[in-house]
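*Asks:* Got two chains here, each in a separate frame; can you build the complex from them with the hints?
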Amino acid sequence: MGGTIFLVNFFTMGAAPVKIAVCIKRVPEMDGAFKIAASGTAVDETGLKWDISDFDGYAVEAALQMTEKLGAGEVHVISLGPDVVQETLRKALSMGCARATHLKCDVVPFDPFAIASALAAELQGGGYDLVMFGKMSIDSANGAVGLMVADLLGMPMVHGCSKLDIAAGAGTARREIEGGGELVRFSLPAVVSIDEGIARPRYPSLKGIMAAKKKPMDVKPAQLGPVRLTVQKMDLPAARAAGRILGEGAAVVPELVRLLQQEAKVI
Amino acid sequence: MEDSLYFEEQHLQVREMVRNFAREEVAPVAAHFDAIAEFPWANIRKMGELGLLGVPWSEELGGAGLDLVSYMIVIHELAKVDASHGLTVSAHTTLGTSPIVHFGTEAQRRRYVPLLASGRVMGGFGLTEEGAGSDAGGTRTTAVRRGDHYVLNGSKRFITHGGVGEIFVVTAVTDPSQGTRGISSFILTKQNDDLAAAQEHGIGHDASLRPMPGFSSGKKEDKLGWRASDTRELIFQDVEVPAENLLGAEGQGFINFMRTLDAGRVGIAALSLGIAEGAFEEALKYASVRKQFGQAIATFQGIGFQLADMATEIEAGKHLVYHAARMLQEGKSVTKSAAMAKLFCSELAMRATIKAIQIHGGYGYTKEYPVERMMRDAKICEIGEGTSEIQRLVISRELLRNLVA
Numbered sequence: 001m002g003g004t005i006f007l008v009n010f011f012t013m014g015a016a017p018v019k020i021a022v023c024i025k026r027v028p029e030m031d032g033a034f035k036i037a038a039s040g041t042a043v044d045e046t047g048l049k050w051d052i053s054d055f056d057g058y059a060v061e062a063a064l065q066m067t068e069k070l071g072a073g074e075v076h077v078i079s080l081g082p083d084v085v086q087e088t089l090r091k092a093l094s095m096g097c098a099r100a101t102h103l104k105c106d107v108v109p110f111d112p113f114a115i116a117s118a119l120a121a122e123l124q125g126g127g128y129d130l131v132m133f134g135k136m137s138i139d140s141a142n143g144a145v146g147l148m149v150a151d152l153l154g155m156p157m158v159h160g161c162s163k164l165d166i167a168a169g170a171g172t173a174r175r176e177i178e179g180g181g182e183l184v185r186f187s188l189p190a191v192v193s194i195d196e197g198i199a200r201p202r203y204p205s206l207k208g209i210m211a212a213k214k215k216p217m218d219v220k221p222a223q224l225g226p227v228r229l230t231v232q233k234m235d236l237p238a239a240r241a242a243g244r245i246l247g248e249g250a251a252v253v254p255e256l257v258r259l260l261q262q263e264a265k266v267i
Numbered sequence: 268m269e270d271s272l273y274f275e276e277q278h279l280q281v282r283e284m285v286r287n288f289a290r291e292e293v294a295p296v297a298a299h300f301d302a303i304a305e306f307p308w309a310n311i312r313k314m315g316e317l318g319l320l321g322v323p324w325s326e327e328l329g330g331a332g333l334d335l336v337s338y339m340i341v342i343h344e345l346a347k348v349d350a351s352h353g354l355t356v357s358a359h360t361t362l363g364t365s366p367i368v369h370f371g372t373e374a375q376r377r378r379y380v381p382l383l384a385s386g387r388v389m390g391g392f393g394l395t396e397e398g399a400g401s402d403a404g405g406t407r408t409t410a411v412r413r414g415d416h417y418v419l420n421g422s423k424r425f426i427t428h429g430g431v432g433e434i435f436v437v438t439a440v441t442d443p444s445q446g447t448r449g450i451s452s453f454i455l456t457k458q459n460d461d462l463a464a465a466q467e468h469g470i471g472h473d474a475s476l477r478p479m480p481g482f483s484s485g486k487k488e489d490k491l492g493w494r495a496s497d498t499r500e501l502i503f504q505d506v507e508v509p510a511e512n513l514l515g516a517e518g519q520g521f522i523n524f525m526r527t528l529d530a531g532r533v534g535i536a537a538l539s540l541g542i543a544e545g546a547f548e549e550a551l552k553y554a555s556v557r558k559q560f561g562q563a564i565a566t567f568q569g570i571g572f573q574l575a576d577m578a579t580e581i582e583a584g585k586h587l588v589y590h591a592a593r594m595l596q597e598g599k600s601v602t603k604s605a606a607m608a609k610l611f612c613s614e615l616a617m618r619a620t621i622k623a624i625q626i627h628g629g630y631g632y633t634k635e636y637p638v639e640r641m642m643r644d645a646k647i648c649e650i651g652e653g654t655s656e657i658q659r660l661v662i663s664r665e666l667l668r669n670l671v672a
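From first to last, the protein sequence lines are chains A and B.
Once you know that position 70 of the first sequence is 70 in my numbering, the rest is easy, because the numbers rise by one and skip nothing.
Positions in the second sequence are counted from 1; adding 267 to them yields my numbering.
If we strip away everything but chain B, and leave its shape as in the complex, we get (with noise of 0.2 Å):
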């Protein structure tokens, strides 16, 4: 890709220093945190430092006061070497954080944002049920007013940080009678439960968040791929969440997780390019050295073909990224278009990683090799934040919608 379509010269800065990052200090580790599936605090304080964990937000709620391409840059140059290290980003930043910025109030941004946006503590998302999943509808958790504070009980499944994280954004039935007009958004508080590995790092706690009675998480999933990033279910046993946790109107919730959602989407499709990237930069690597036959691998047309196809693919998926990276950023509806980068990018994920494994023949089966990693760690692109099913559905429903009554 032609570098000056999408990026400045800032972009390419961040580009460079991520990509340094991510060689130098991810990539060594990113093999042992995928074996022992621990949460990887070292490095999230180093990315705290460097403002990894808050690129969009300004510099006044703590952030880096970037724009939203560089935010994909990052996603993007992490999941090349390490999908686990660029989803902690992602889903720290646009589910963990992304709501309280954009529907928060005055108050609640000043309490919330700067914690996350430094790194000081983590952030997660609670959307997804046991009987709630593509169909977010479904969502049977509840939020009951009494007086001055709601009362919560249910429980999320498939969490992104639910052991790791101190906030999250949660959502629950307000009104049972309006369906998904009856769905509103809450702040809930706990305290990190991987707290001691997370202290020796100093950071990952603040002793100002106060751990809500009846707000804990649950078992930690033993997961095929995004093995350092912790996913648990979060559950809520009569959880009294203060009123002025309730974040945007009641009812609000549904509409305001959609949106939430195309952002991520767009954050899930870059973080899939590169891993579809990483993998591709592996195999070419490899062809280009391994022998047989007297000759480089690459040099057979059975090779380069594959090669070349991957590379093709992952040019398209550039364009399909930071162009809905851009509209983001332009304040566009995304809906369409982040919905096809996320199908396509993932989807060539997983072709991508297949092919750099036959590429490698028994090596690239052995964990001597990245790509068995990056494959694994591939499949869930296709299914988090919105399966390849609904991302197809999305789009057909946009191309449909002023056609079809």
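Same shape as in the complex, but just chain A (with noise of 0.2 Å):
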């Protein structure tokens, strides 16, 4: 017995607890049907359900997981745009999340650039191991916030890890590619973006519920960088015409050859 306390002790001591930055968004649940706003830039928000970006869903649960593995550390939460993203703070807080960070602004820019300057500013001197992100918000699908804020913090950057590993100031990520996968080993601090497969996100227990209301939330004007980048018009995907059966059996399938060919013109 008294070996193992002795490992247990070397392990703890060895390992600074670790502390993690993540950063979400509260994008629109996407099983809705879509309707462009009166502007003609933005979705109309009227009616629709919220939640955290599937990605960063993601990432909140791996950076969970990871501090648990390790059995020290915390992991803080971020996030931009206006009060009602604090709800979206404290599902995460609620997940197991230490503490939450809002950054205030009435509006959530549309260019990453204005975000990842807001980000980088709060980030900057926190003391953060790692910081993490989804590969990209499920709403906007930019994909470049996470890239952004690293080339700011001049650290590191992990892009679309399917996997992720951290101990003593080094970290390892697998990424899929294009007909594979690359195994990456980096240093730290550093950012990394989270895709999916990674970790399912786990549902808050009532008892992270009741716990995350007593956890600490900050509140912060966003430092927001230059808005350089507008949306200018926004449409919807064209109605698909209706199907048409010409019949059944062999004997339409010449017909249906020759509609492929000369009206569809797909072979």
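Keep in mind that the hints were calculated from the coordinates and are not lab data.
Accuracy of the hints is not assured; some may be wrong.
[Claimed, not checked] Computed Cβ-Cβ distance ranges for the label pairs, DEER-style:
no.: 1; chain 1: A; residue 1: Gly247; chain 2: B; residue 2: Ala294; range: 32 to 42 Å
no.: 2; chain 1: B; residue 1: Val556; chain 2: A; residue 2: Asp151; range: 39 to 49 Å
no.: 3; chain 1: A; residue 1: Leu259; chain 2: B; residue 2: Gly629; range: 26 to 36 Å
no.: 4; chain 1: A; residue 1: Met234; chain 2: B; residue 2: Gly571; range: 29 to 39 Å
no.: 5; chain 1: B; residue 1: Lys558; chain 2: A; residue 2: Gly127; range: 52 to 62 Å
no.: 6; chain 1: A; residue 1: Lys49; chain 2: B; residue 2: Arg618; range: 22 to 32 Å
no.: 7; chain 1: A; residue 1: Met234; chain 2: B; residue 2: Gly629; range: 39 to 49 Å
no.: 8; chain 1: A; residue 1: Lys233; chain 2: B; residue 2: Val556; range: 29 to 39 Å
no.: 9; chain 1: B; residue 1: Ala474; chain 2: A; residue 2: Asp151; range: 55 to 65 Å
Yeah, the Cβ is synthetic: ideal placement off N, Cα and C, and Gly gets one too.
*Replies:* Printed below as a string of structure tokens:
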């Protein structure tokens, strides 16, 4: 028994508690039907339900699992936007994150650099070993904020991790690439973005929901960078025309082939 | 319903979590467990881990420490996709655990509640007998004091978790000369009869609970609905129950279980409301995509009006349920409001599920859509924990309480 205790002490002494920041975005749930707002440049938000962006949820879960595995450390969660993002931050707290920071601004700008500037200003000097993002938000799908934050902080960046591990000042990650995978090693501190498949986000337990009420939520004005990129126009895909049934059996195949060649022009 | 009338942000967080859990973990398996009529241990384990099997009990007792409004939200949201899962929470928490929390000694609470609240073992409540259904005063199970223990003989019918449970609160006559004042409650323990299936998921049994010789479960009922919930007979043959397992004072059993049933009825009302709302949502979805005569059938007035009626009645049901839940939370008497909520919502569940099937047409009569299961699950809500007739009796008695001598 004495030996076991010695080993446990040895490891916890060797590794300082890890500090992870996860940047999350509040996005509309994607299973609803979308309309374009009167402005023509944004989605009509009436009646939409909101949640943590899917990839950001995987990042929260991966961060929690890493600190649980290491047995030490804590996960901070950061989001940028109007007051309602506090709901989304509270959900991350109820999943097990230790504290939340709300970078307040009335509207989330479309320009990823404006957002990245505000996040970098908050993260700078925060003493984080690892800054995590989802690989892209499921609404604007730019996938750029994490990369820009890494650049602004001068940290190594691994984009789209499907596996992630950190220990003693360095991390390893797996990335899925066309036709295969690659294993990368990087020094800490670092910025990583998370792909799907890493971890399915847990449901917040009732105890987690209760505990979240007592966890700190810092609110600060977002120090947005200049907005040099705006959406000019959004459109919805054209409605698909109804299909046509030609008939049944081998007899209709020649007609089908003719239509595919001459009308649909797909073969 | 305007959410802010009854719910605070925390309630909405609980609702969102349970709604996601129900949609992702319960809905995909509901038809399967209905078909095979087995207890869904894998989900029971997950529900225990999330705190859903001890919602209103203090953290000190292993519960989640939430209020009764949160608890009703859990039952309501689960029942929207599967009534059996909702019933498991309700029967385990209100019937199986609450009598020990409310009427138990400190030692009894510490001994049994953490095991139940964490979902490690399932609990149940033995009141109904062959000859004592609506008339619980007709209890025939006896408990005779012999030295430092009681000897129980008799049987109970239609006991939820009768097979899968290990901890039971059971009523028995201790003094036949006293009528309902001669009924007492006891805590009994037995081994889970579905042990192999339960232990695959590491729950359902605790080795520290002593199976009491002579205490067993009888045949499993093959039911119309609530098929993933385990309903059996409980049999007592010269069961020696230590006197320390007497729950509450001798002779208080009837009074105590009347209080337990009041809370239970709010739970069944929430469950019924869930079934009605689940069926309504299915009907609304179907009617808006199903086209006949070139248009979505929801746009025909004959269907649109039915949907309007369902939505209106569900809205009314929500007010009854969450108003009763709030009164219960505030410690007020809910005898009348619980009976009203249960009466209205259980009959609503039946009406709404039948309408939902009608709106689905022939498809609604098949197992490809969940509405036929919802209809089968709804019927028992008009019977269990007090029939609709008994609810009307309770309500009318309350109305006349101060008027008729």
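*Asks:* With reference to the structure, classify each hint as holding or not holding.
*Replies:* Hints and how they fare:
Checked against the given bound of 32 to 42 Å, the beta carbons of Gly247/A and Ala294/B, roughly 38 Å apart, stay inside it. Checked against the given bound of 39 to 49 Å, the beta carbons of Val556/B and Asp151/A, roughly 47 Å apart, stay inside it. The beta-carbon spacing between Leu259/A and Gly629/B, approximately 34 Å, falls within the hinted interval of 26 to 36 Å. Between Met234/A and Gly571/B the Cβ separation comes to about 32 Å, which falls inside the hinted range of 29 to 39 Å.
Hint check: Lys558/B to Gly127/A, Cβ distance near 60 Å, so the stated range 52 to 62 Å holds. The beta-carbon spacing between Lys49/A and Arg618/B, approximately 29 Å, falls within the hinted interval of 22 to 32 Å. A hinted range of 39 to 49 Å for the beta carbons of Met234/A and Gly629/B is consistent with their spacing of about 41 Å. Here the CB-CB span from Lys233/A to Val556/B is close to 30 Å, well matched to the stated 29 to 39 Å.
At roughly 58 Å, the beta-carbon separation of Ala474/B and Asp151/A lies within the given 55 to 65 Å, and the hint holds.
When each numbered hint is compared with the structure, no violation occurs for any of them.
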